[in-house]
Amino acid sequence: MMNTIAEVEEQIIEEFELFEDWMDKYQHLIDMGKSLPLIETQFKNDDYIVKGCQSQVWLKGDYANGKIHFTCDSDAIITKGMIAVLLRVLNDRTPEEIINAKLEFIDKINLKEHLTPIRANGLVSMLSKIKTYALAYNK
Amino acid sequence: MVAEKNISIEQIRSQFPILSRKVNNQPLVYFDNGATTQKPKSVLDAIQKYYSEINANIHRGVHTLSQEATDAYEHSRKTIADFINVEHAHEIIFTRGTTESINLVASCFGKRYVNAGDEILVTEMEHHSNIVPWQLMCDERGAKLKVIPVDDNGELILSELKNLLTAKTKLLTLTHVSNTLGTVNDVKEIISLAHKNGTAVLIDGAQAIAHTEVDVQDLDCDFYCFSGHKMYGPTGIGILYGKEKFLNEFSPYQSGGGMIKEVSFEQTTFTTLPYKFEAGTPNIEGGIVLGAAVEWMKNIGMNNISAHENELLQYAIQQLKTIDGIRIIGEAKHHASAVSFLIRNIHPYDVGVILDKLGIAVRTGHHCNQPLMKRFNIPGTVRASFAVYNTMEEVDKLIAGVKQAKKMLS
Numbered sequence: 000m001m002n003t004i005a006e007v008e009e010q011i012i013e014e015f016e017l018f019e020d021w022m023d024k025y026q027h028l029i030d031m032g033k034s035l036p037l038i039e040t041q042f043k044n045d046d047y048i049v050k051g052c053q054s055q056v057w058l059k060g061d062y063a064n065g066k067i068h069f070t071c072d073s074d075a076i077i078t079k080g081m082i083a084v085l086l087r088v089l090n091d092r093t094p095e096e097i098i099n100a101k102l103e104f105i106d107k108i109n110l111k112e113h114l115t116p117i118r119a120n121g122l123v124s125m126l127s128k129i130k131t132y133a134l135a136y137n138k
Numbered sequence: 000m001v002a003e004k005n006i007s008i009e010q011i012r013s014q015f016p017i018l019s020r021k022v023n024n025q026p027l028v029y030f031d032n033g034a035t036t037q038k039p040k041s042v043l044d045a046i047q048k049y050y051s052e053i054n055a056n057i058h059r060g061v062h063t064l065s066q067e068a069t070d071a072y073e074h075s076r077k078t079i080a081d082f083i084n085v086e087h088a089h090e091i092i093f094t095r096g097t098t099e100s101i102n103l104v105a106s107c108f109g110k111r112y113v114n115a116g117d118e119i120l121v122t123e124m125e126h127h128s129n130i131v132p133w134q135l136m137c138d139e140r141g142a143k144l145k146v147i148p149v150d151d152n153g154e155l156i157l158s159e160l161k162n163l164l165t166a167k168t169k170l171l172t173l174t175h176v177s178n179t180l181g182t183v184n185d186v187k188e189i190i191s192l193a194h195k196n197g198t199a200v201l202i203d204g205a206q207a208i209a210h211t212e213v214d215v216q217d218l219d220c221d222f223y224c225f226s227g228h229k230m231y232g233p234t235g236i237g238i239l240y241g242k243e244k245f246l247n248e249f250s251p252y253q254s255g256g257g258m259i260k261e262v263s264f265e266q267t268t269f270t271t272l273p274y275k276f277e278a279g280t281p282n283i284e285g286g287i288v289l290g291a292a293v294e295w296m297k298n299i300g301m302n303n304i305s306a307h308e309n310e311l312l313q314y315a316i317q318q319l320k321t322i323d324g325i326r327i328i329g330e331a332k333h334h335a336s337a338v339s340f341l342i343r344n345i346h347p348y349d350v351g352v353i354l355d356k357l358g359i360a361v362r363t364g365h366h367c368n369q370p371l372m373k374r375f376n377i378p379g380t381v382r383a384s385f386a387v388y389n390t391m392e393e394v395d396k397l398i399a400g401v402k403q404a405k406k407m408l409s
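For the protein sequence lines, the chains are X and H, in the order given.
Reading the first sequence from the start, the letters are residues 0 to 138 in numbering that gives the first Met the number 0.
Reading the second sequence from the start, the letters are residues 0 to 409 in numbering that gives the first Met the number 0.
Honestly, I wouldn't trust all of these hints.
[Claimed, not checked] Simulated DEER-style distance windows between Cβ atoms:
#1 H:191 x X:27: 54 to 62 Å
#2 X:134 x H:406: 38 to 46 Å
#3 X:68 x H:255: 33 to 41 Å
#4 H:191 x X:33: 50 to 58 Å
In short, the hints are calculated from the structure, not lab data.
A virtual CB, placed ideally from N, CA and C, is assigned to each residue, including glycine.
Can you build the whole structure from these sequences, using the hints too?
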C-alpha cells in the first residue's frame, strides 16, 4: 500500500530537518534531481514544455489504472531537484489526490522561495500543469 | 589606482543604508547594479524632504507650496540638462523611464517621418525595450526593421553598418553600453556615419549614464534616453533628451492636462516644450529626487566613478578567468560596468540560486536580450554589474562564490 500524500510530506520534512547547513540541504536537493523520472527525449519538445523566464521544464502525464504517472526534465539542476521533491509527493496519485494536495510542506522545508510566481524557473506553471492533467483525468 | 586617490569607497558605502543589511545571514554583496542601483542617503533624504516640506501639484497653483514644488522640479530639469550638456533645458522631457522614452520616440517619429518601405536600424545587442517599440511601429507604418550584427567578441560589426545604411534608413537606434555584454559602442562614430546618410539616431543610455560622462552635444545624437533608478535615483522616472527641432515637429504622445495651450470642443492647441510631452500630473517626487541623484554623482565625479568601476571590472574578469571552465560572454575592447559569464554547461539559474544563498546578488537569465542569447547559442548568462560602492573584497567573494557554485553544481 502506497503512503498517503500527508505521510510522504511528513517523511520529506523529517529528511530535510536533518540538514543544519543550507549547503547540505541544496546538495540533497541537487542529488534528488538526479533521480527524477525523466521524460523520454522524443517528448522534450514544444508540446510538453513549460516555459519559465530562465529555466524551462518539460512535463508529461500518462494516465493508467486510475493514476497519473509524470515524467519530466529541466535544463536547471536546482529546478530538477524541486520537481523531484514535488513528484515524490504527487507522482502516481489519483487525479482527486492531486487536486486536493495543498503542498504546505514546501513552506516547512524552507524551499517556498522557489515556488513563488516571481521565481523565473517555471515551477509554478509546472504545478498548474500537473493540476490541469489531474482535472482532465478526473472523471 | 586613480580612484583610490580621489575617493574613499568606505565613505561612499557608509552613505548607503541598504549595504549594511544581511541576506541569507551573509553581508549583502550587491552586483545587480545593471538592473537597479542602490540609493544614497542624500537621495533618500530628498524623497523625505519633498513629501514633508513642499508636496504640492506643480505648474498650476499660485500658492507657495505649488511654487516651491514647481521651482524644485524645474531646477532638477536644469541640473539634468547640465549633466548631459544639452543646448536647451526644454529638450529634457521627464518620462517614466528609458522604456517610455523609447516608446515616445518610436511612436512620434514613426507618425511624422516613417512611411511604407522605409527602414529602421537596430543592433543585435539591443534590450527588448529597444527592439519591440520599433517592431510595432514598423508594422504600423509598413516599414522594415534591419539589424546590425554582433561579432564573437560582442562588438558591432561596423563594416555591415555601411551596407545597412541606405536612402530608406530613417532612424538608427542603439545602446551606448550593452546591458549583457558590457560592450561600449563607439556611438560618436556611428552617429556621424548615420548623419552623413541623413539618418536620425537614438541612443539608449540606460547602462551608460551612471558609468561614464555623457555629452549629448559632443555625441550629436538626436535622442538620448535613460532611467533614474539605474543612476542612484528613484524608480518610475526617466529622461528623454531630444533635439528641439525633432520635438517641435512631433505631435504630442499623450494628451491631458498640463500640455495644452487652449482647449475647446472644436480644437485644441498645445503648449511648448517640454510640457507638450508631459501630460497629466507627472512624477513630481521622482523628477525632483533625480536631480538630487545627479548632484550626488557629480559630487563624486564621473571620472572617479568610471575609474573605480573599471578597476573592479578588470579585476573581476582577470579573476574569473583563473577558474577552469569559465567562459566570458562579451570581450569587447571597450568594456564597462558589467561582465557576463557561464561555467561549463551549468545553467545560469542554478549559479544565481547558490550565489544568492551566499548573500551575493547577480542577475541570471537572458537579460531581455533573447536575440543576443540566440546569437551566442546560450540559454542566458550570469551577469555581475558594478557600481561605485562595490569593492575588490566583494569581487573576491563573488569569485569564491562562483567556485563554490561550480563545485556543488558540477
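Results for each hint:
Between residue 191 of chain H and residue 27 of chain X the CB atoms are about 59 Å apart, so this pair conforms to the stated range of 54 to 62 Å. Remark: the range hint 38 to 46 Å for residue 134 of chain X to residue 406 of chain H is upheld by a beta-carbon distance near 42 Å. At roughly 58 Å, the beta-carbon separation of residue 68 of chain X and residue 255 of chain H lies outside the given 33 to 41 Å, and the hint is violated. At roughly 56 Å, the beta carbons of residue 191 of chain H and residue 33 of chain X sit within the given window of 50 to 58 Å.
Hint 3 from the list above is the single one not met by this structure.
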